[in-house]
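Respectively, the protein sequence lines represent chains Y and P.
Per the numbering used here: the first sequence = residues 6 to 407.
Per the numbering used here: the second sequence = residues 6 to 407.
Please note that a few of the clues may not be correct.
Identical chains share a label here; the pair holds if one copy fits it or two copies do between them.
[What the hints assert, rightly or not] Below, in silico cross-link-like pairs of lysine-lysine (DSS-like), each with a Cα-Cα straight-line distance of 30 Å or less:
1) Lys35 with Lys137
2) Lys11 with Lys405
3) Lys406 with Lys54
4) Lys91 with Lys377
5) Lys171 with Lys91
6) Lys406 with Lys377
7) Lys98 with Lys54
8) Lys262 with Lys135
9) Lys54 with Lys348
Derived from the structure by calculation, the hints contain no laboratory data.
In this text the structure is predicted, and so the values were computed from the model without any measurement.
There are 2 protein chains.
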Amino acid sequence: MSILIKNALIVTQNSKRDVKEGDIYIEDGKIAEIGKVNVEADFVIDGNKRIAMPGLINTHNHVPMTFMRGIADDVDLFEFLNRVWKVEENMTKEDIYRGSLMGIEEMLRTGTTTFVDMYSYEDEVARAVKDKGIRGFLGWAVVDEELTTQGGTPVKNAENFIKEYKGDELVTPLIAPHAVYTCGEETLLKSKEIAEKHHTLITIHIAETRKEVYDHRKKTGMRPVEWLDKIGFLSNRVIGAHMVWLTLHEIKLLSSKGVVASHNPTSNMKLGNGGAMPLPEMLQNGMNVTLGTDSVVSNNNLDMFEVMKFAALLHKNERWDPRATNAQMILDFATVNAAKALKLNAGSIEEGKLADIVILDAREPNAQPLTKDNAISNIVYSINGLNVEYTIVNGKIVYKKN
Amino acid sequence: MSILIKNALIVTQNSKRDVKEGDIYIEDGKIAEIGKVNVEADFVIDGNKRIAMPGLINTHNHVPMTFMRGIADDVDLFEFLNRVWKVEENMTKEDIYRGSLMGIEEMLRTGTTTFVDMYSYEDEVARAVKDKGIRGFLGWAVVDEELTTQGGTPVKNAENFIKEYKGDELVTPLIAPHAVYTCGEETLLKSKEIAEKHHTLITIHIAETRKEVYDHRKKTGMRPVEWLDKIGFLSNRVIGAHMVWLTLHEIKLLSSKGVVASHNPTSNMKLGNGGAMPLPEMLQNGMNVTLGTDSVVSNNNLDMFEVMKFAALLHKNERWDPRATNAQMILDFATVNAAKALKLNAGSIEEGKLADIVILDAREPNAQPLTKDNAISNIVYSINGLNVEYTIVNGKIVYKKN
């Protein structure tokens, strides 16, 4: 199938971060040509008063939980977890599949073309990914064997899932040891071994709350990142979610090992985790920062446009400095930085890249006025996911507004 | 004209905060009947999978500035003001009218039915209000005579505007002395005198930045609120915008005089004003808190749904406590609290109230699942202004999604 997008304002996210008017021709799942394109295509999209931009990449989600929206607002973490666990106790594999469908529909509706997930039974998530045509980096959640309610051994289940989906066009399997308070050294190192054996990424929650840091120090004498480094877990395969409570020493360790950050500002703020991920220091030390929603139970939606705005404003507020972030930096987090982290040939609109593209309706009043100069500002600060008119993944239209 | 909304999930915001299924019948600009209604109406709205809720009330805006979206992001306040002033230098009355039209279109699109404005030449804003059919509480901005570039005396212009629009159905005039750093005692007391004479409200910026507080203390020996109290300016006519930097003493003064707060979380965070309005203490001391966007130059949109989420999350984050705010509290700020502040017979869906109603499309994935139990959570935490399908002001449909 071929698609021609005519006369759009293209936010390329190429190395020059060009914003320019033009056409985009898509063929065989790739961006074939950009500029003034005169070809016949199977489908033509009118780009007039539209923005074409790279699809957004959400690096932290638990997508099956989408059906739990609104079950645990405005309560402390203890009550939050109680409510989630109570639902999970009675959850079937079909619930996981249906929750995943809901979440994927929302992501496609709001301009996300790729997501990283962590949950048990990612085979059900994979089924929903294939049904809907999004790109999923799916991490089977692993905890110590005595903590699991899954049948079988968690690391074995995870490895079987990886074997099953290795080489799939849309599903990229990875392994997802849950956190230092649910995975001991053996589970973490076994996870690492599986990742190395199958050349996959690893995703894990790191330093989300003060309690996690406090408890881990009490138990091991070390902060989570120090301990993860000591046991040899850290590498450039690791995407650490949250990382709110880090010292400068930990940031330097993470940076030296090439660990990627998945920043989840909306979830962190809603849960009242306190403080804020030390973004300026992470950037100063060369860390690759990306953005995630976390599940809808703490977000409460999967709108990456909203996450971009929260990320930008949280740090301005935290540092009492409007220059602490800027729109281009934040858009990079959600596009090129994330693509680099996932080793995915996407994140920008350039010839030869995967055709993961979002078309925004800039006729909506929240996108006006629109110029080359304020397009990125509008994307980060005024537009939201419901401005999305088309979502294209792998060269196919997977969402189209009625 | 009569309108019948059939089978909607109604978030009433009545004294019991009922959420219930039913019909709403609107006649002659008022809510005539709620429940199971069997009448013929000029226009019928299918409420199936829709939420009907009171229109949102934005208590702080400078709507003509909407055409400046994105001109001053990620810069310090000095550079921010420079860029705004540079545009304002060359601004015509027609620009003010057109900017107002843009902003009003955006407000109606995103579910705001009433707004409070502060700007010069509010006669142009009033023209746009009448053209578009929104409800405007329009405050002619007043500064000391030597600071103005307007023709004539600012307080006189303001009074003339009040006289012209007194008793209008949609435009309620008020007076808007700008701030303590632009209005001396004489200007403030003259503004108060005009407000009392014509029975209008007053709106003013208060304690937005540390600099404002520092400079005022240096000049007068008092913090802004202490000084405003001393000169006799404070009363229950006053809506104070921002109020980020208040002491507990000042909160008690404001509360004792009945001053209303317009909280602008998104603007404050984006400008890096620092800290956060001391919301818990203001509520503990019985202040009436409402919400505003501020202009798009610092917001960068006019979406009150987004402002509600920022308000909720800012204070959870600031206090490291997810219980610092809750969805019902925040929805109250934007509806019943604001209606009370404006002495407007609106803010809830009850028989006899003005028919200022918003219909949200809950078929969008960000609103699903939807139940009576999570409807208010979804409104505050997951829905945004582009979920709006119809906006009704004064019994007339002023926005309808195509």
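Results of checking the hints against the structure:
no.: 1; hint: Lys35 with Lys137; result: within (19 Å within a copy, 45 Å between copies)
no.: 2; hint: Lys11 with Lys405; result: both (16 Å within a copy, 28 Å between copies)
no.: 3; hint: Lys406 with Lys54; result: both (15 Å within a copy, 18 Å between copies)
no.: 4; hint: Lys91 with Lys377; result: between (50 Å within a copy, 20 Å between copies)
no.: 5; hint: Lys171 with Lys91; result: neither (33 Å within a copy, 58 Å between copies)
no.: 6; hint: Lys406 with Lys377; result: both (24 Å within a copy, 27 Å between copies)
no.: 7; hint: Lys98 with Lys54; result: between (43 Å within a copy, 27 Å between copies)
no.: 8; hint: Lys262 with Lys135; result: neither (33 Å within a copy, 62 Å between copies)
no.: 9; hint: Lys54 with Lys348; result: neither (32 Å within a copy, 41 Å between copies)
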